[in-house]
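Dock chain U against the given chain B, drawing on the hints supplied.
Sequence order for the protein chains is B and U. Following the numbering used here, the numbering of the first sequence begins with 5 at its first residue and continues without gaps. Following the numbering used here, the numbering of the second sequence begins with 5 at its first residue and continues without gaps.
Just so you know, these hints were derived from the structure itself, not from any lab. This list has only true hints and no planted wrong ones.
Just so you know, same-sequence chains aren't split out, so a pair can sit in one copy or run between any two.
Pairs of lysine-lysine, DSS-like flavour, derived with a Cα cap of 25 Å:
(1) Lys59 with Lys106
(2) Lys37 with Lys137
(3) Lys87 with Lys59
Treat the numbers as computed from the prediction; the structure is a model and nothing was measured.
Number of protein chains: 2
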Amino acid sequence: MEPRLHIVTLGVADLERSYQFYHHGLGFPTTRKPESGIIFFQTGGACLALYPADKLAEDVAPDFPSARSRFSGVTLAYVARSKDEVRDILALAARIGGKLEKPAQDLFWGGYGGYFSDPDGHLWEVAYSDAWKFQPDGALVIE
Amino acid sequence: MEPRLHIVTLGVADLERSYQFYHHGLGFPTTRKPESGIIFFQTGGACLALYPADKLAEDVAPDFPSARSRFSGVTLAYVARSKDEVRDILALAARIGGKLEKPAQDLFWGGYGGYFSDPDGHLWEVAYSDAWKFQPDGALVIE
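Next up, chain B with everything else stripped away, as it sits in the complex:
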């Protein structure tokens, strides 16, 4: 197995609403439309996909429960280039139908950031730290 995460799929209640949020709201590029039944975004090395949550559960197994708690146990993180970008993205997310879960603030590990949730409650951390270094293609340097 290569050390690679190819696709992260978020189960959503309303594909049109989530498409609006991610594509028109956050600006994630895609050639797909909600009519295609699934949306793929190329997100720099990994792919973010949106798929109806009930179908996603069914894709795992026919009898797999589709009920979800508020906490998924999974968070997605976007590492911003500045504190201003952190604040801008959190404000943008709240404006387009997301929810501000944690206002931008100094963090215990030395960074600065906050959380928003998307229309289905999927959690995104938006953080900045001058300790994070980027690769030329924009990916993080992980040490």
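Using the frame of chain B, we list chain U on its own:
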């Protein structure tokens, strides 16, 4: 906001157990040890992180519920290079403490694959399709 997903963090009940599963079991490289409190794996363009689930919920907000349902509403996907690799990875995952959720099989969209869950129930699809193309660095071509 750049279209980028930098980090996917999985909340885990036992960091040592999950470290064993991902690092020694699946072979994901990292320089971190469970003692550091968080594990980062460089997974080709995105970073996969492991962090105690209760602390992850608390990181969102002090009163954020940490209880989780069986279905997180999020799946991670690994795109294999062959049907054999699909079968090998599912068998490996089951051998090292994961659970086979869906045996390898022909899929409705033309691919071949199955699902395993990690020790905390996080869902991984392992799939192959000759319709998927890879970029030179190993990432998927998303159209």
